[in-house]
Structure formats: C-alpha cells, structure tokens
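Asks: Listed here are the chains, written in short residue letters.
Protein chains: 4
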Amino acid sequence: MQALVYSGPGQKSWTDVPDPRIIDETDAIIRVTATTICGTDLHILKGDVPDTEAGRILGHEAVGIVETVGSAVTTVKPGDRVLVSCVSACGRCRYCREGSYGQCLGGGGWILGYKIDGTQAELVRTPFADTSLYLVPDGLDDESVLMLADILPTAYEVGVVNGGIRPGDTVAIVGAGPIGLAAITGAKMFSPAHIIAIDLADSRLEAAKQFGADVIINPSREDAETIVRELTDGLGADVAIEAVGVSDTFEMCTRLIRPGGHVANVGVHGKPATLHLEDLWTRNVTITTGLVDTWSTPTLLKLVHSGQLDTRSFVTHRFELGQAMEAYDVFSRAAETGALKVLLHA
Amino acid sequence: MQALVYSGPGQKSWTDVPDPRIIDETDAIIRVTATTICGTDLHILKGDVPDTEAGRILGHEAVGIVETVGSAVTTVKPGDRVLVSCVSACGRCRYCREGSYGQCLGGGGWILGYKIDGTQAELVRTPFADTSLYLVPDGLDDESVLMLADILPTAYEVGVVNGGIRPGDTVAIVGAGPIGLAAITGAKMFSPAHIIAIDLADSRLEAAKQFGADVIINPSREDAETIVRELTDGLGADVAIEAVGVSDTFEMCTRLIRPGGHVANVGVHGKPATLHLEDLWTRNVTITTGLVDTWSTPTLLKLVHSGQLDTRSFVTHRFELGQAMEAYDVFSRAAETGALKVLLHA
Amino acid sequence: MQALVYSGPGQKSWTDVPDPRIIDETDAIIRVTATTICGTDLHILKGDVPDTEAGRILGHEAVGIVETVGSAVTTVKPGDRVLVSCVSACGRCRYCREGSYGQCLGGGGWILGYKIDGTQAELVRTPFADTSLYLVPDGLDDESVLMLADILPTAYEVGVVNGGIRPGDTVAIVGAGPIGLAAITGAKMFSPAHIIAIDLADSRLEAAKQFGADVIINPSREDAETIVRELTDGLGADVAIEAVGVSDTFEMCTRLIRPGGHVANVGVHGKPATLHLEDLWTRNVTITTGLVDTWSTPTLLKLVHSGQLDTRSFVTHRFELGQAMEAYDVFSRAAETGALKVLLHA
Amino acid sequence: MQALVYSGPGQKSWTDVPDPRIIDETDAIIRVTATTICGTDLHILKGDVPDTEAGRILGHEAVGIVETVGSAVTTVKPGDRVLVSCVSACGRCRYCREGSYGQCLGGGGWILGYKIDGTQAELVRTPFADTSLYLVPDGLDDESVLMLADILPTAYEVGVVNGGIRPGDTVAIVGAGPIGLAAITGAKMFSPAHIIAIDLADSRLEAAKQFGADVIINPSREDAETIVRELTDGLGADVAIEAVGVSDTFEMCTRLIRPGGHVANVGVHGKPATLHLEDLWTRNVTITTGLVDTWSTPTLLKLVHSGQLDTRSFVTHRFELGQAMEAYDVFSRAAETGALKVLLHA
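Chains as they are written, first to last, in our numbering: chain S, 491 to 836; chain A, 491 to 836; chain E, 491 to 836; chain G, 491 to 836.
Keep in mind that the hints were calculated from the coordinates and are not lab data. Because the structure is a prediction, the values reported are computed rather than measured. Mixed in with the good hints, there may be bad ones.
Copies of the same chain look alike in the list, so a pair counts if it fits in one copy or across any two.
Unchecked claim - DSS-like cross-link-like pairs, simulated, lysine-lysine; straight-line CA separation at most 30 Å:
hint: 1; residue 1: 567; residue 2: 792
hint: 2; residue 1: 605; residue 2: 567
hint: 3; residue 1: 792; residue 2: 699
hint: 4; residue 1: 699; residue 2: 678
hint: 5; residue 1: 678; residue 2: 502
Let's have the full structure, built from the sequences with the hints guiding it.
Replies: In structure tokens form, the structure reads like this:
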C-alpha cells in the first residue's frame, strides 16, 4: 500500500510500504476512506517529538471500512464503517475502566502515528479494536464525522467539560485556531450567555464569529481584561479556555476569570508558565489540564446523527490520499492558505 | 388599590382593597407592571388549597417597580425595576443557605398569593426583598422576563437540572402544557440529541414542535414505549420529565427510561402513584421530585439578556390589570382558547 | 470436580460434575479457595428465579487461584490469586464503558450461578476475565476479601454512594441483615454524624450497634419517624437506605427523609410499592435503585489492604467446600443460627 | 473594654479601648469567651498586610455570648452562645447565595481583625449576624468548637473537599503545621487508604502521625516522589494538599500526583510559582486554590456534637484574655514552644 512516511526531522514522503497485518487478537485492519492532518503531525515533522522514529506512518484520525479483525474482536466486523479515534484504549487498566483512555496503562492512549503506524495510509492497523473504534451511524458521510477523531472530543472534553461551562456563563476562549473554534462549537452545547474569542489574527476572529462567538477581542488593539470585566459586572469570565499553548496566553486566562472561575488548558505547551499564586490563592480558582480521553466520542456521534452538531465547516480543503504531500503543504501554511482542517479521501 | 381577591371556593373579584405597607424591615412594596395567572391559582379557586384563606389576593409572579423598601433592605431601592419571584427566601435558614429557597424554614418559600397577599394587584408587599427580588437588566421589557417568575425556573430546575440532561441525551417530556413546553425550552440548553414530547392533545403536540421537540407522540394513537425504544437502540430514554401530575403519566415515565436513566417529576400530584420496584430495583434509576427553588433565576435572566433565551412566545393573550376577571376566564378555558400564559399589564 | 448443583425448586446436591473448560478466548478457569452463599441463592432454590435452569451450579462470590486463561486474556495468569466478582463485565458495551457493569449489554452482568455455572464448586469458568477478576493484594487471606465479591460493593454503591452520604449526615438504614450491616460499614467511610439502624429483630439491632450504628430503633416498640425527627431538628434523615425489599420498609424510607433527602433502595423487591407523590412532589427528594456495578471493587480492595476496612466479622460460620449442604442449612436458618455470612473454603 | 490593638508594624498592646456598638441593623455584639491567634495575625504584625490600619483590634476567631443584636437580626438573640466565624457573609450577593461567603461582594468575606475590629477583645461587633454566627450546640465547651472558626473549615473546604478526596485514595499533605494537621483531620472523614505527611521538621511529622497520617516523609532525608510512587504502583498520589505557601512545596505537589490527580492549594502565597505545563498539559490534573468560605461550619459543628470530630488536641497552650501578649509570644515561637494553637479564654 501507500502511506505518508516520516523519515526523520523535516523529511516525509508518500511512498510504498508493506500492508499492515493483524498482530494481536484484538487488532483490526481498517481501509482508510478519509483522514486528516493535525498540528501534532507538524510537530513530529519538525523533530519535536523524539519518541517518533524514522519510518513511522503519521496520522491519528480516520474514517474507514473494517477489512479484517483479530480473533478476539467482537464488536466490529469486516465491512463495518468506523471512526478511528486518535486514542486507543486497552479497556482493561484502571484508567480505561474510568473512561480515561488517554491515560491508558495497557498499551493504548495516543499511539497511532506516534508510537505505531498511523492513518495517513491506505490501510491502518488499530489495536484494541473493540474499545477504540466507533461505528459510524447510517447516513453520515466521512466529512461529517472525521472531526470526531480528535479535534472535537479534545476541545469538548479538555476545554468545555473540564471548564465546567454552564448555561448563562461567560466563556473566554483564548486562541481561535482549529482547537479554539472547536471549543466554541462545544461551548455552545451548554448555552453560555457569552462566548468571547481572543486572538491576534483578525481572520481567525472572523472565523470565531462564524462559529458562534458573540464577542471578539484582538489583544494587539484592545485590552482583553478590560472588555471581559465590562461584560461581567467587573468580575471576570466564568470559564477561560487556553487554546494556544504558550505561557502568555495561559497567564492571560488566569487573569480573565472571576473568583470561583475555571481555566481549562487545552493548548500543547513546550515550556513552563508562571502561576501567580500570590494573587490566585484567595480566588477559589480551578485550573485543569488534559489529553483527550475520547469518552465523549459516542455522545458527539449521536449529536452529529441527530443534526445537533455539524462539523463540516472545519474542512477548508479537500485532497485525494495520493495528494498527501500537497495537503501537508497547504495545512502547514495555514496563515496564508486559510486552512483549518484538510480532508484526504481515498 | 385594586386587586384580584379570592373569597372562598369558586369566588373571586377584582375589587378595591387597602394598599399594602411595609411590615418587616426586610420588606419592599412593588408597583406591579405585569403579572400572570398560574394553574395553581385555579386550584386555589377550586378550593383545593385549604391553606389559602378567603380575602387573599392571588398571584405569585410579577414584574414591577420598587415603590418603598424597609430599613434593612440594601440591594434594591425605590425606582428599581424588579422581577418578583414566586418563591421568597429568608436567606438565613439552612435551606436558603444551600440555595434551596423553596424549602425555606424562615418564613419564605412559596407564600405569595397563597399564605400572604400576592401579585395580581396594583401593589404587592414582598418579604425578604434582598433575597427574593431580582433586578431586571436594562433593555428587557416585562414580557421578556415575566416567565422567569415561576414557569421557567420550575421547568429548568425541577425538570431539566434534576433530570441531569446532558448533550446527546434522548429526553422524553410527558405533558406538553405550559410546564412541558418550558421543560422543552430548558432541555434545549443542554443540547440533547432528541426531545420527545408526549401528550394526548394534538394542539399541544404541535406547540411542542414549535418549542423544539423533534419527535411527538400521541399515546391515544401510538405506543410511546415502542417509539422511544426504537429511537434508542431498544434501551429507553436517558431522561423522562413528568409534566402532568397524575399517576399514569408518572408510571409511563418510569417505563420510558433506560437502565441508568432519570425520571424528574415536575407535575403537581394529588394522589399516590405505583412504583414498580419489582422491575425497577435492578435498573439503576433515579427519580426526583421538587418544588422550584429559584436558584436559577439569575442564570435565566442572563440568558434572556444575552438573547439566548426568549420566552415571549409563552404569552398568548394580553390584558390590562383591570381585565383580570376576563383574563382568568380565558386562561381557565385553555383547551378552547389555546391560552398558554396570559399577561396582565398595568 | 464436585459442585453444588441446583436440580429444580427445592432440590440441590453436592455432586460430581465435569470440570469447566475455556470456551471463549477471554475466559479463565479459577480454582476456588473460598466461596459463600447469598440470599439470592436461596431465592433460586425456592424456584423464584425461573431463568435459572436445573443443572446449574450455584454461587457468584469467590476467591481463588487462576488455573488457565484463554488466549486473549492479558491481565491475569495461571497462579494469580483473584477475587471473582458477582458481576462479569464485557468491557466493551456502553454500560461497561461507563463503569456500569451490572447493566452490561455484551453478555456480562450478573450471570455466575444464575445463567452460567457458578462458584460453589472446585473450579469455575469466569468469562471476560480481564475485566471481571481482581488481583488480591499480597498478604490478604481469603476471609479478608471474600465479602468484596458482592455484599460490600452492593451496599457501598447502591446504598452509600447512590444515597450520596456526606460528612455530618444523619443516615437511616432500614433492615439490619447482612446488606444493612454492610451499608453501615460503608456509610462510616463518609463520616455521618449519626447512623440509625431500624429492624424488627433485636439481635440484628445488636449487630448493627457492633458494626457502628449509634442509634437503633425497633419499630415494633418505637416510632421510627418520631425518633428520627427528634434527632434532626424535626426535619428527617438526610439519607435513608432500604435494605429489606418490601413495600412497607420502602415507604417508611420515604417518610423518614428530610426535604432534599435521598432514599437509596438496595432491597430486592418482588412487588410494587406505593409512592406518595401527593406528599413527596414538593419535597425535593431523590430516590435511587440499582444492581451492583462493582466499579468500587478496586477501591474496597485498597481499603482492606491499607487496614481501613475489615469485613471478617461478617463471617459467622466456616465450612469446607464438601460441607456445602450443611452450610446451606445453617445459612437458610439465619434467625436461629445467627448466621450472617458462611464461608466455604477448599 | 480591653483588647489586643495593632499599632503599626511590630507594635501591639493589650489595652483599653471603647466598647463596640451596633452600627448596622444586622450587627450583633458578642462577649468573647474564647479566642485564638492565627498565623495571619503574625503577618499583619509584621506589616505584610497594608490594608490593616494602626489601631485595629486583631483576631478573627471566637466563641462568645450574644450581648445585643441589631433590629433586623432574627436568628440569634442576647444570651445565645455562638461561634464567630472568620468569614462574614452579607447573605445577599451572588457569591453568598452560592455559599461562597469568602468571596462576598456585599461587605463581608474576611474582614474581622483585618478591615474592622476583631475578636481578641472582651467584646466584638459582628456584622451580618444572621449569616455569620453559628449557634453552639448544647453541651459543647469553648475548646471543642473554637477551631471551627477558621482552621478546620479552611483545611476541610480548601484542602479536603476541593481536593476531592474519596475512599481508598492516597493523599499527600505537604506541610504539617496546624493547617496541615487540620487537613489530616479532615481527610480522614473520607476514608483514604493512605495519608502521607511531608515536612522538614520531625516534630511536626510526629504530630502528623498522632493526627492520623500513616506515612511520614522528611524530604531533607528522603525523596518524597520516590516514596509516594512506591506506595501507588508508580502512579503518584490521588490528591496533594499544599499547606505551606511557598513555590517549592507547590511544585512538589504537582510532581507528587498521578495522572488525573488533584492539587489543592491551602497555603498563603506571597510569590508566584512555576507551573510545569510542559509536563502537566497531558496529565489531566486539577489544581485548585481558595479562601475559606465557611459553608462547612454547620457540618463540622454537627460532627463535633455527635462525637465524630474532636479538635481539642490542636490547643497546646491556654491563657486568660488579659495574657494576650504572652500568648502571642508563645505562638510566635512555635518551633521552640511546640505551640499549635493557643486558647485565650475570658
């Protein structure tokens, strides 16, 4: 088959590789009908993720058709159409038993396109198939569900649910890239009174408005704290979601929230931040971090199926699988190309 | 002033009465600009509520202007525009301190138009003004907030929040009168996948659709259990809200839910129901009851103010205060007149 | 091997049967070192459980040594000492993924000694071994952990946790048989201010005191409601746990609780109860039912291991496996013999 | 009357001052029968709390007898024996209505002995008496309840409840001074499997053992992370409570917890800490801060009354009120004197 192979920092190719095959009785082989590229794939390509070895097929999001299953697999069968989740779950360890699949101790967690071969390929082996694949409800096309492989559950679980958004809340979302927009999408499910998007790029703020933010702030021109306080009787936001991954935006989040408020960190951080405990110790704040656990994937699938959730507008560019190199080029120049998520289809 | 006075079973009149005056330092006197009639008022008129004595001014919902306040009142002042809640809160007892104002042990709870004179009048004395009145945000007219005096917080707290509705849930609402419609309105705030309205009257089911139900069932023609199971892989609804108040509909709710599901009773019951513990004991069900506590009133006001919640469509008929007798006539013949809620304005 | 075989209503024998063998790749065969008898076993013997066919080996609680495992089993291996839980979990269905193993849709739930052969035998086949067996921590003998196969998690999950017991609560436990005593044991973990045990048998009330109840009530001589109200400023208990399984005691529970209180039903009911909604609809009550899910088993094992939980006092009589008929006799005449739980060891 | 008056950095005296009198209708005057000294009082004396003006009477913890009440006070009356809480609650603002009295927007919060005159005096004026005083149950002496004025609710709410301690947890408490010991006391109420106390002083570790820690670690000799991991299958503690107030111990807490664990900060911080988001972003951690809200005071009183909670061992030294200067001397040299809390009685 052909696949997108990482060959060391800065190097990748769409090339011939051997077909994957069942290794464990709990594996499945999936024929990929749609996949996409994640910001994390770009990190790997830069060499920022040393755990990922040269020769690795990238990608951790897909929709596809089950081709074969191991002898212990009971919940999917060849021919089934499935969502391949970014997180694999052994289903047996204490974390999996608590629904915290991202912290799996039994060999799962985020492994696809990272520690084992991934989904940017014609075929992919998925371990722990019974607890890591999700049947796609009838009538939903690939584009309608592909965002549920990573970006939507990440923003929903780590941003929206960890943040504890409730009806009537004022929610500040710092960063309006794909994850920030997905957080807006998820936040709306709990009917906040206000969703405030904060970003330095006006084009992303414009997108934030399209996705449902009712207030937008560009800190290069406006003071976010002042605006948030004006909207909230001087108190601050109920919830702030960090969707950038640098210490400045994290610290901004801790300043934007009211006493009793929540900061939900979704951003991927490479460096420490300063936590101003000298101010925060009296303020009853809650700060959360998290890798996606994908416990919400069945919920999100139901919402797509019932028409309550439509994530197709995340897909700005479409390619055939064989155009993976071109797709990477477009996605990696998002500022110029306006790419949010790119779809690669078989 | 003039007011709607109950004079014993079956008897009421719009008549002259003395103006109310401050009794306790925590009282306020409110000039009513809008009030409405509740199904409970009809119960009192029938003589079903023996605690209510002849001579009582009815009504427990209003919007108005603060006329005078007692010397210990600090959070509202003459001239302020306020929502008068159906529930008064002493703010000091253990229940009030837990936000459970409906269970107030300090002289509050539901007292207006029941144990003390109510809001269907030109003026009303409201005890515990600091903890029982809510400032109306600028720019909102009476009709936009009056439903927050009772029907919306009741459906939201006792139905939606007690029921624990979560995104993706299938919610069955049994009874599509005003409370059932308010439950639909509240349920939507948590993004269920399906809202199923069940009622014997097609006109009410039609209203349920307008308010946001995506499935409607008339049990006189269809089997509710069968339809709910078909929608839910044979399991049943996640949440069922009882909004009628008779044992048959309560028991239907306990049959409609899935293992692990919730029944939230909102209906006013005069008789016991049968609880089929021989079936339910293994099914991990949760059943809740409740009088409204009105802890959610500030939340709902924020949502009206931000445009997320619009309850004006509950008002089907409008009258002047002096037309209170006519308003009662229209409201009491709801099946003919199509009345949901009637507005009486000054 | 030898086992206790049910041969139809009223008939059982300790007799020779074929050894169990691995059927599915996820099975294990366990050599039983300790087992016990449950009230449910007596129900089956009476013929009250028609799903249980003649020829069935009874018993759903055991400690033992893994003898062999199926090819897909990864978390236990021959020689491991394990607790066999009353509930088997497929680990793959929506209920198992939410930790609600008792409601398993994938072939698990309560099946041992009911729909498949059970633990009152020298060997037992346990399906879904990876998600249904629990490693026994080093240093703990059989008697220290056997109660965690059913009675402790049942009382803890369905009574204590469903009831939402919090520090400072007043908890009424109606029924002081083994399950009621286990509920007392579990309730203490959350530091209630008072644990009130209610039973008609003084001997059981005496046991309740030994297990930690600080108030005991015999309704044949005293009025439980009056005593509970006196203890609680006239309000009622925060939580009532039904541990009998008849409608009278259930209804007593609904009368004993305060506004805002919880009734947690643990009892096994054969008939409906009357739910006095005409009183309860205004009282903000929560009523729960449930089959044990055994999500708490790892927690309880930790507490036994750290010395916080000691359940050995439940074992009043000890027998060898071959004396199973005698053990049944003693257990079935608990009122005379004073049996709480009987231990059968290899 | 006489009182302990702060006269600027480093200066205090027990001296004659005018008696306090009712200012607002919601005030009460309390005759102090017992008070104590808090570490915060020492901070004020150092001049670290510039909001506190010279001339201020210090102290924010007391038990006493109601002398007089304002005209709007309804829940206490002259002669009642009350606990004076460190936090005053207006009872009307949004925070008070959510039970978050420490964040009161209506003039309450921590004000006693800080912004208004405090409890180290023969008489003290307490604002918002109805919502800030707690009746002492019959039969409890001053020493049994005085610790409930601050230290116990602080450790319980901000440490134990914010930390979300559950039965079976492993809890690490960093700092074994009075607050750390109170956190141990509170943690036990939820039956953790292990309570690990960490401190540099062996004498405090010894006290931690007396209060209920089962593991003690002195980081000057042992590596806390290693020991905690050994106890927890390599994962880390479920909950870590910071009870020191410096960045090193806060950062230690973030290293001690397992994925999915909680850090509850109780310490008073004067400087920022470093938050290692580069490690923590994937670990599903929750970090909380907080000032005490005293919502738990009624609960703790119930537990003292029922004998479940005994806090008398916190009192290591006893003085008469007039010996306040001597009591300060002993308390400020805690390392030498072994003082935990000093009691001053009338």
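Asks: Hints first: check each against the structure and report whether it holds.
Replies: We went through each hint and held it up to the structure:
1. For the homomeric pair residue 567 and residue 792, the shortest alpha-carbon distance inside one copy (21 Å) is at most 30 Å, but the shortest distance between copies (39 Å) is not.
2. In this homomeric assembly, residue 605 and residue 567 come within 30 Å of each other (Cα to Cα) both inside a single copy, at 25 Å, and across copies, at 27 Å.
3. In this assembly of identical chains, the alpha carbons of residue 792 and residue 699 lie at most 30 Å apart whether taken from the same copy (25 Å) or from different copies (20 Å).
4. Taking CA atoms no more than 30 Å apart as the test, residue 699 paired with residue 678 passes in both settings, with 12 Å inside one copy and 22 Å between copies.
5. In this assembly of identical chains, the alpha carbons of residue 678 and residue 502 never lie at most 30 Å apart, being 38 Å within a copy and 46 Å across copies at closest.
In summary, the structure is inconsistent with hint 5 from the numbered list given earlier, while agreeing with all the others.
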